[in-house]
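Make one complex out of these two single chains by using the hints.
Protein chains in written order, with our numbering: chain A, 35 to 261; chain R, 1241 to 1436.
Possibly wrong hints are sitting among the right ones.
Which residues of chain R face chain A? A few of them, derived with a C-beta cut under 10 Å, are [said to hold, decoys possible]: (1) 1285; (2) 1303; (3) 1306; (4) 1315; (5) 1326; (6) 1330; (7) 1331; (8) 1332; (9) 1335; (10) 1432.
By construction, these hints were calculated from the structure, which means they are not laboratory data. Glycine included, C-beta positions come from ideal geometry on N, C-alpha and C.
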Amino acid sequence: MNDHSLSTAFYFLLKRDLTLSMRRRAEAINPMLFFIVVITLFPLGVGARPQLLQAIAPGVIWVAALLATMLSLDSMFRSDFEDGSLEQLLLSAHPVSVLVLAKVCAHWLVTGVPLMLVAPLLAALLGLPSQGMSTLLITLLLGTPVLSLIGAIGVALTVGLRRGSIILSLLVLPLYVPILIFASNAVELASTGVPVTAQLSLLAALLALALTLAPLPTAAALRISLS
Amino acid sequence: MCIRDDRILFEDLDFRLTSGQVLLLEGHNGSGKTSLLRILCGIRMSDSGSVRWNGEPIEELGAEYYRRMIYVGHLDGIKLDLTVLENLEVARSMGQASDLPLSSALAQVNLAGYEDVPGQSLSAGQRRRVALARLLITVNRLWILDEPFTALDQSGIVLFEQLMTRHAQNGGMIVLTSHHSVSLEQVETHRIRLSA
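In isolation and in its complexed conformation, chain R is listed as follows (with noise of 0.2 Å):
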């Protein structure tokens, strides 16, 4: 249950995921999705119930938990002042680096040759990339991703759906909130729709 401004947001929650699996929160503006995710990563307390990794409560496994999954919120996370390459070094320190080198991630994502371009000259969906790049340069098998498609263009929402769809076959567990359709083939997709 969560309960946000004296109101009860949702209740009687229960989901469970396993490995290749996706879950997409639906619900509209202001029905709680961030809210659950910031539940699940361990941000906010929920205001009863619990989050379990593998049966044990996040709040118990902490470093632990945080070892095997990554949030990309609402806010980029990235540093204007420092070039693309500079945001993308220190993000990989704070997680468990994968071997992938930060020059093919870019490439990866579409940002090949913007390596030292601070982030203060990239449009808002450039950065939106930068933080999805995030998501290569570390290994985790659960992503929390709040809202990933704003600010990407087509293309760019087409190559991350490949992302995911990718990240899932090779064992990944995603949560996303989206307000565009999210179309996965060869994905088991759950939906859970918040109605506050």
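Pulled out of the complex, with its shape left as it was, chain A reads as follows (with noise of 0.2 Å):
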């Protein structure tokens, strides 16, 4: 099997995904519609004080963020699994893992960039001080794959669980919280003008590590919820 023949088979798969999304509006929005709900109901629940909203800021967006992007995890593989596709994914004629991150590729593109298209409006009602802006739509570039990757290795674990989004939050939860303290911390740090290269550096680093080491448990995984 040559490599043109593995990047037909991700090309299609990721085409699939996003059509089925496409196909599915309502369901693919519902991340995007959670997070704006969340943040917009900070102010009116903190009341009119700028400054602690301001303060907050930051930490609000990434928490709703992770929250977001977790509702929709269970979805990546779910009817997949219920349809019998998933079965074909694994005795397709190409390395799992590629077919994989095929998969989460088109879950970022459908729950993570509209959120960080967002983003900018949200941060501005809460206040956030426009020198953060940069900062924090960089740490959601480099953040949110990294959830969707580190979400699959947990949802390819309980894909075959009936009630297995309350594992899954526990699995994934404690993966997600570095990712948490340094993206909300260097977005903190920017608005009040103090260089974030380290953070963001460190971002960087997870991601690369989440893009290359990701993909294979969570091939394996799948190999034994079907089993």
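Laid out in structure tokens, this is it:
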């Protein structure tokens, strides 16, 4: 099997998942709606205290992004598991880890990217200083793919269970904590004008690590779930 | 040997299949036919024993083995929100693509003209036909089929028996389970009866 057919498989799988979410739009925009609703509720709950809102803005945005991603994780392999496509994926002539990466890419494009698009608006709503805005976007750009990649391992492990979502959160949340800490810390410091290269480099390193290492355990976990 | 829920489904099972042969697994419900097929695919691990392809265990061959086999299970693996053609495009990219155009493959399973129909508008039998069209659009020596005739009508069964005969005569191998009586003429058919 040559590289050409592997990239064809990657392309068709990515295209399939994107087409599917286009045709089930209501389901696909759920995470983004959740993200918007949670963040807009904060000013209402906290009251008219701009300083406080400004101070908690990085944390609020990142916690909401993290929870929104987690909500959407379960759908990553669920329908494939139920209709038998997952079996076909494992029995394909290509390395499963590469095909898994195509599915994770599609998941990120559908959930992570929309979060990045609405984040500046919501950050402005919370009064995040404009000097923190670019850092917020960079942390989301680096961090949300990691959330999808790590999440994929958890979903692959729990997809065979009927009530897997609670175990999924327990499995995945601890692994999300470092990203949450580095990312919200970076945004907070950037808003006060402190350089944040260290935090961003760490996030980039986490992304590189997850990108290379996460697909393999995901593929192995899918095999376990199906056997 | 295969154990499921502390029951021994089968043990001391030994068979080999060569070019042009068909193996029909028989047995009542729950006798382990599907489990055996899933072991042959490498989805499920056998509790002891091994599955070999050309003398090599399939776990070691990995993708090398999957390039030569295709499995159609109970589930059709069809996305209901995608059209027939979109479903087949993905299915073809998963294996080693054959030269047969997708539309001719559909014509062969009597679904010509259904290219742009979404999966959810198809009947169960038509979905089955789409799943079976996967066998034609990829090149595989070994077909592993779990109840391929489910939901197919009489003409569908005849049609598919012809396709299986052609595959075997071209040097292919088939392992299948079926509750229908399978009549393949001019093909060497072995039968194994599982009785748990």
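Hint-by-hint comparison with the structure:
1. 1285: Residue 1285(R) check passes; min Cβ-Cβ to chain A is 6 Å, inside 10 Å.
2. 1303: holds (6 Å)
3. 1306: holds (5 Å)
4. 1315: Check passed: Cβ of residue 1315(R) comes within 3 Å of chain A, closer than 10 Å.
5. 1326: holds (7 Å)
6. 1330: Hint holds; residue 1330(R) Cβ to chain A Cβ min 5 Å, cut 10 Å.
7. 1331: The hint holds - residue 1331(R) has a Cβ within 10 Å of chain A, the shortest such distance being about 7 Å.
8. 1332: holds (8 Å)
9. 1335: Hint holds; residue 1335(R) Cβ to chain A Cβ min 5 Å, cut 10 Å.
10. 1432: violated (22 Å)
In summary, the structure is inconsistent with hint 10 from the numbered list given earlier, while agreeing with all the others.
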